[in-house]
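Peer 1: Now for the letters of each chain:
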Amino acid sequence: MAANPTRRAVLAATAVLPLLVAGCRGTQALGTPPRPAPDVARLRAAISAEEEMVASYQAAIRLLRDGPAAGTGRGPVTSATLAGLLTEHQEHLRQLRSRLVPGSPLAAGSAPLPAPAAPGLPAAVPAAVSYLGRAEQAASDRLLSQVPHVPASLAQLLASISASEATHVPVLRAVGGA
Amino acid sequence: MRRATTAGTAGKVAPATRALQAALAAEQVAIYGYGVVGSHLNGTARALATTDWTAHQVASDQLTALLQARRASPDPAAVAYQLPHQVSTAAQALDLAAALEDQVTSAYLGLVGLDEPSVRMLGARQVRAAALRGAAWRGRTLAFPGLPASARAGHRPARPG
Chain A
29 MAANPTRRAV LAATAVLPLL VAGCRGTQAL GTPPRPAPDV ARLRAAISAE
79 EEMVASYQAA IRLLRDGPAA GTGRGPVTSA TLAGLLTEHQ EHLRQLRSRL
129 VPGSPLAAGS APLPAPAAPG LPAAVPAAVS YLGRAEQAAS DRLLSQVPHV
179 PASLAQLLAS ISASEATHVP VLRAVGGA
Chain B
3 MRRATTAGTA GKVAPATRAL QAALAAEQVA IYGYGVVGSH LNGTARALAT
53 TDWTAHQVAS DQLTALLQAR RASPDPAAVA YQLPHQVSTA AQALDLAAAL
103 EDQVTSAYLG LVGLDEPSVR MLGARQVRAA ALRGAAWRGR TLAFPGLPAS
153 ARAGHRPARP G
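Going line by line, the protein sequences match chains A and B.
For the first sequence, our numbering gives the first residue as 29, with consecutive numbering after it.
For the second sequence, our numbering gives the first residue as 3, with consecutive numbering after it.
Honestly, the hints are just simulated from the structure, not real lab data.
Note that the coordinates shown come from a computational prediction; the quantities given were computed from them, not determined experimentally.
Just so it is clear, CB atoms sit at the ideal spot from N, CA and C, and this is done for glycine as well.
A portion of the hints provided could be inaccurate.
Ranges between beta-carbon positions, derived for each pair [unchecked claim]: (1) A/D67 x B/A80: 36 to 44 angstroms; (2) B/Q88 x A/D94: 45 to 53 angstroms; (3) B/T52 x A/P176: 31 to 39 angstroms; (4) B/P78 x A/P198: 34 to 42 angstroms; (5) B/G141 x A/R90: 24 to 32 angstroms; (6) A/P147 x B/A80: 50 to 58 angstroms; (7) A/P176 x B/A92: 36 to 44 angstroms; (8) A/D67 x B/E118: 13 to 21 angstroms; (9) A/S76 x B/G45: 39 to 47 angstroms; (10) B/Q64 x A/P176: 13 to 21 angstroms; (11) B/V60 x A/P198: 18 to 26 angstroms; (12) A/A69 x B/A79: 41 to 49 angstroms; (13) A/P198 x B/R48: 16 to 24 angstroms.
Make a model of the complete structure from these sequences and hints.
Peer 2: Here it is, written out as structure tokens:
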């Protein structure tokens with residue numbers, strides 16, 4: 029029973045992206061079909077990591093709104109910055125989930141919303157922003173390390189998300205994360 | 003931006019070689035383009051342009067060596083390139099720098115689509131490096147550096163059932 033959705037999830041993960049990316053400038057070399065042995069577990073791990081990131085950002089934004097820093101004047105700028113980064117994580121999550129076909133447990137639309145709790149997030153705002161920065165770097169590194177182990181199409185998505193997350197680090201540093 | 007000879011022989015060339023040549027071509031455009039970028043900037047921004055120009059020189063040398071190791075002839079740089087847009091102000095120079103990094107990012111994402119793990123990792127590291135430079139010039143981040151919009155629209159598996 030379980031084998032079928034897994035196999036179909038594999039197809040979803042491998043089928044589309046190389047053809048589409050091959051159409052863009054500088055990536056004409058993607059004619060070979062992806063190998064048929066992708067690791068769906070790696071995709072699920074990436075989805076879980078992205079869910080945690082979304083939850084951490086949501087908690088940090090709540091902290092700015094309701095916590096001790098609320099009304100200090102620094103909050104609105106930081107809050108808007110975090111909201112922008114959160115949006116990108118939500119897009120990452122949507123894309124990663126879309127690599128699983130409908131009906132599989134973590135597929136787009138069928139997965140539960142990320143848990144609102146982010147247990148590791150410090151309660152003070154500067155420390156929370158620093159925490160997010162470290163989490164972004166770690167997430168970026170982890171995705172990068174997966175690149176050789178997944179089918180080509182998923183590798184490209186993971187590499188792109190890894191790059192996006194790396195670019196969040198200096199943004200967080202600029203708003204006061206140490 | 004790609005030379006006609008490359009396109010003419012593309013059918014016989016290994017995918018990895020083609021992708022490496024495409025990345026090299028993107029680096030060559032960036033090297034040329036950063037010269038234009040730097041000439042319209044001053045101070046810190048100009049220093050940053052110089053730093054990035056050097057990074058592209060190093061990357062270009064690395065790709066050249068990789069191609070030679072595969073017994074492929076690296077396509078030489080052109081004397082000049084048609085840049086994405088005209089530059090006559092500092093703001094336009096920043097836009098150009100971001101655009102140069104975008105096309106470098108896309109080219110390296112092509113390497114990530116190959117089978118060889120070492121080439122993939124080179125591509126992925128350079129995607130990240132180019133995205134970081136691009137975000138710095140653009141002043142904002144992107145959710146999917148290097149991926150065309152068409153590749154990230156909602157999609158379904160190619161084969162139903």
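Peer 1: Against which earlier hints does the structure fall short, listed by number upward?
Peer 2: none
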